[in-house]
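Trainee: Sequence:
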Amino acid sequence: MGLRRFLTCILLVMLPCACQRSRVTGTPKAVPVREDGAIALRLMSFNVRYENPNDSNTRSWRQRLVGSVRMIQREQPDIMGIQESLHGQAADLWASLPDYEFFGVGRDDGE
Numbered sequence: 000m001g002l003r004r005f006l007t008c009i010l011l012v013m014l015p016c017a018c019q020r021s022r023v024t025g026t027p028k029a030v031p032v033r034e035d036g037a038i039a040l041r042l043m044s045f046n047v048r049y050e051n052p053n054d055s056n057t058r059s060w061r062q063r064l065v066g067s068v069r070m071i072q073r074e075q076p077d078i079m080g081i082q083e084s085l086h087g088q089a090a091d092l093w094a095s096l097p098d099y100e101f102f103g104v105g106r107d108d109g110e
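Numbering that gives the first Met the number 0 puts the first residue of the sequence shown at 0, with every later residue one more than the last.
Derived by calculation from the structure, the hints in this document are not laboratory data. Idealized CB from N, CA, C, for every residue including glycine. Possibly wrong hints are sitting among the right ones.
[What the hints assert, rightly or not] If you anchor each label on the Cβ, the simulated ranges turn out as follows:
no.: 1; residue 1: Ala37; residue 2: Gly66; range: 26 to 36 angstroms
no.: 2; residue 1: Asp35; residue 2: Thr57; range: 38 to 48 angstroms
no.: 3; residue 1: Asp35; residue 2: Val65; range: 21 to 31 angstroms
no.: 4; residue 1: Gln82; residue 2: Gln62; range: 13 to 23 angstroms
no.: 5; residue 1: Tyr49; residue 2: Gln72; range: 36 to 46 angstroms
no.: 6; residue 1: Gln62; residue 2: His86; range: 17 to 27 angstroms
Hey, can you work out the whole structure from these sequences and the hints?
Mentor: Structure, rendered in structure tokens:
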């Protein structure tokens, strides 16, 4: 699948979600546009690993959250998909990353 087709699919999937809920704070982040008119987007897929109540020490979500936020801030994706995130984990990421929007319900339909 070509990059253009892939990006079109991503945007088509995300567009209905964007219409449902929006939290706008501060100045929107500008997306660089090349002279040939192409848009440069940084995409990221991140499996956060669900919050297992039996985890302890470095495997606990509280410990992983700090490193996860640092990595996302370092990589600065324009669009990011997260997997295995329970609703509370998604809420933690959203609260820790105020420059990003969040669309979705979390693992198991937010339950």
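Trainee: Could you run down the list of hints and mark each one as holding or not?
Mentor: We went through each hint and held it up to the structure:
1. Ala37 with Gly66: 26 to 36 angstroms: holds (33 angstroms)
2. Asp35 with Thr57: 38 to 48 angstroms: With Cβ atoms ~45 angstroms apart, the hint holds.
3. Asp35 with Val65: 21 to 31 angstroms: violated (40 angstroms)
4. Gln82 with Gln62: 13 to 23 angstroms: holds (19 angstroms)
5. Tyr49 with Gln72: 36 to 46 angstroms: The hint (36 to 46 angstroms, Cβ to Cβ) is violated, given that Tyr49 and Gln72 are roughly 22 angstroms apart.
6. Gln62 with His86: 17 to 27 angstroms: Check passed, 20 angstroms falls within 17 to 27 angstroms.
When the structure is compared with the earlier hints, violations turn up for hints 3 and 5 and for no others.
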